[in-house]
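Chain by chain, the residues run as shown.
Protein chains: 2
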Amino acid sequence: MNPITVVVDGMGGDNAPRAIVRGAVKAAKANPVKIIIVGNEEAIQAELSRMKHPEGAIVVHAASQSITMDENPQEAISAKSDSSIVQAAQILSAGKADAMISAGSTGSVVMAAAKYIPRIYGVRRTAIATVYPTLNELRRDDYLSLMLDVGANVHCSSEELVQFALMGAAYVAEIRNVEEPRVALLNIGEEETKGGEKMKVAYQMLKRTPGINFIGNIEGKDLMRGISDVIVTEGFVGNTVIKTLEGAAKTVSHLGKVAFKTKLSWKIGLMMLSKGLQALKEVTDYSEYGGAPLLGFEKIVIIAHGRSNPKAISNAIKVACKCVRDDLAGHISNSIKNYEMDIAREFYPLTRESD
Amino acid sequence: MNPITVVVDGMGGDNAPRAIVRGAVKAAKANPVKIIIVGNEEAIQAELSRMKHPEGAIVVHAASQSITMDENPQEAISAKSDSSIVQAAQILSAGKADAMISAGSTGSVVMAAAKYIPRIYGVRRTAIATVYPTLNELRRDDYLSLMLDVGANVHCSSEELVQFALMGAAYVAEIRNVEEPRVALLNIGEEETKGGEKMKVAYQMLKRTPGINFIGNIEGKDLMRGISDVIVTEGFVGNTVIKTLEGAAKTVSHLGKVAFKTKLSWKIGLMMLSKGLQALKEVTDYSEYGGAPLLGFEKIVIIAHGRSNPKAISNAIKVACKCVRDDLAGHISNSIKNYEMDIAREFYPLTRESD
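The listed protein sequences derive, respectively, from chains A and B.
Under the working numbering, think of the first position of the first sequence as 1, with each following residue one higher.
Under the working numbering, think of the first position of the second sequence as 1, with each following residue one higher.
No lab work stands behind these hints, which were simulated from the structure alone.
Check before you lean on any hint, since a few could be wrong.
Which copy is meant is left open, so a pair is good if it fits within one copy or across any two.
DSSO-like mimics (lysine-lysine), calculated; alpha carbons at most 30 Å apart, straight line [said to hold, decoys possible]:
| hint | residue 1 | residue 2 |
| --- | --- | --- |
| 1 | Lys318 | Lys96 |
| 2 | Lys80 | Lys194 |
| 3 | Lys207 | Lys221 |
| 4 | Lys337 | Lys318 |
| 5 | Lys311 | Lys26 |
| 6 | Lys322 | Lys337 |
| 7 | Lys221 | Lys194 |
| 8 | Lys194 | Lys115 |
| 9 | Lys115 | Lys200 |
| 10 | Lys80 | Lys200 |
| 11 | Lys250 | Lys221 |
Make the full structure from the sequences, and use the hints.
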């Protein structure tokens, strides 16, 4: 069996290329994986030469340009054909790699994937999924919940929300090993009539879709309880909510920093509390989770956090390998296919009888 | 000068009528205000008879029905004409009171106000505003920010968002005494091109509207920093974000409770930290803030939290009196009128020249 090949954007994120190269070396040492690092060849080779790594596990693919966080993604992707993101996407598209990872501009990664990687047949929109820590009231081994979409789209239709549910459930079941993951719709009330027409229709569709363990609406106040494995929402809301949680976690950390400067009692208090507050603090600790998968493409694409350190990149590579090995794209494809057939059955029952 | 009259829904909230009556008595003792409590006359009089209060300051208006949190607001408002919410709204509408307060079902209060109280001329949609605590990076006397809409509407137009900005700024300037309040648009990025067509247009309109001190987009992660006095958003997003903050605050409290049961070091840590965590915890402490104003009606309507205690009701009455005394509705009316004239000037400059 050939090892899995992961193409990594060597120029993405605040600490590139150093953190990327170090993360790649870390991953190559721990797992049988082939890694292609794309970007400024000289800089990447210089970093590589400083570290031991398994023979032939890491190769460098030169790309003369890179895309910054400030650039307009659409313009950057079409203007910079030799950028590390575009080159990585093309390598993935050409079948020379099984998965792609970038800690660069989220918008540019989404645009590059949309341009070069085919969507899974039947998938109307792709979605960025992200995990966040919870109080885990369900007592799972895993205290994380998955939310999608958190920013690949601004808005979407009821049907697209149902597809997000299917893709999120497939990810949680296959990659996080949760059986029959509980799926909830983020809404402004628990009642099925809440949230306007789009949410009402999405609720009814989710309730009726076989293969989705739909538990109903979830409100913002219950997100951190960990009562649902998958939370489905539109990109605008998901992005805002995840950033709000991140801000709340930072507020706690900030109070901690203030404490360290001012009051001894707070300082001691925070030291004693450090484990208790971990759940909130870890919202910002992307390094543990291995990045946010971009779901709905035929190939695996993972967006790592812009502040990724070597551990985060290494974890992202590990998650990417698991997604390939467990055939996540195939599971999503089946799930979407079954869904489309169910819809066909519901709306064209006669067609079915003539089968 | 006649004292201000406030009509209070005696049957709304978890602790009605006891907490309502006690809050009314507390307010009547502290301020020259006339209070009409609406609801089950016997129960309210029984509570009243247990407490001393200024002669003639409190009267009871009998209403034989009440509306529960579970009822469909639209149906309840039209079916229960003798409910405490409907009766209170009618008393306000008839000019027998200057302001109304209810700790009952938010939806029902919004519906009753919409049915009986005229909107301020020019106001397209009313909005629920709520304050929340922040790290106050602007070093204001007041460490609260105001967010609207948090649930009177699900969605709204760009122009309605601009009106929310005007109403929120008027409230913060008049009632919270902040000069030239800073207004931000809640969005998924700081750039003015973010968030889809509606947000892009709203951004441009806010930038150009005289009388709004617009500081640009704000992301979820910066909400708790306290860098903006007014945050404008659609009801779905605002409701979800406020509830998410409430959930994060509860998570901190929950970790505290767990700590009390388990680890002594956590227990001591939390006791030492208690003031530092106050900022987060207080998100849920509505009793301090005196309720959420429903902005855009000709009369003052304040929605108190369902868990309101006497202090919360008393504070809501105090805020209501201030809104009446400072003529909040008049300020909002002027603000909206000026805005409409600016629009007229921009789109019909010829009309203006023929003035």
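Verification of the supplied hints:
| no. | hint | verdict |
| --- | --- | --- |
| 1 | Lys318 / Lys96 | within (18 Å within a copy, 69 Å between copies) |
| 2 | Lys80 / Lys194 | between (45 Å within a copy, 22 Å between copies) |
| 3 | Lys207 / Lys221 | within (22 Å within a copy, 33 Å between copies) |
| 4 | Lys337 / Lys318 | within (28 Å within a copy, 60 Å between copies) |
| 5 | Lys311 / Lys26 | within (8 Å within a copy, 58 Å between copies) |
| 6 | Lys322 / Lys337 | within (22 Å within a copy, 60 Å between copies) |
| 7 | Lys221 / Lys194 | both (16 Å within a copy, 26 Å between copies) |
| 8 | Lys194 / Lys115 | between (36 Å within a copy, 20 Å between copies) |
| 9 | Lys115 / Lys200 | between (33 Å within a copy, 24 Å between copies) |
| 10 | Lys80 / Lys200 | between (43 Å within a copy, 26 Å between copies) |
| 11 | Lys250 / Lys221 | both (18 Å within a copy, 8 Å between copies) |
When the structure is compared with the earlier hints, no violation turns up for any of them.
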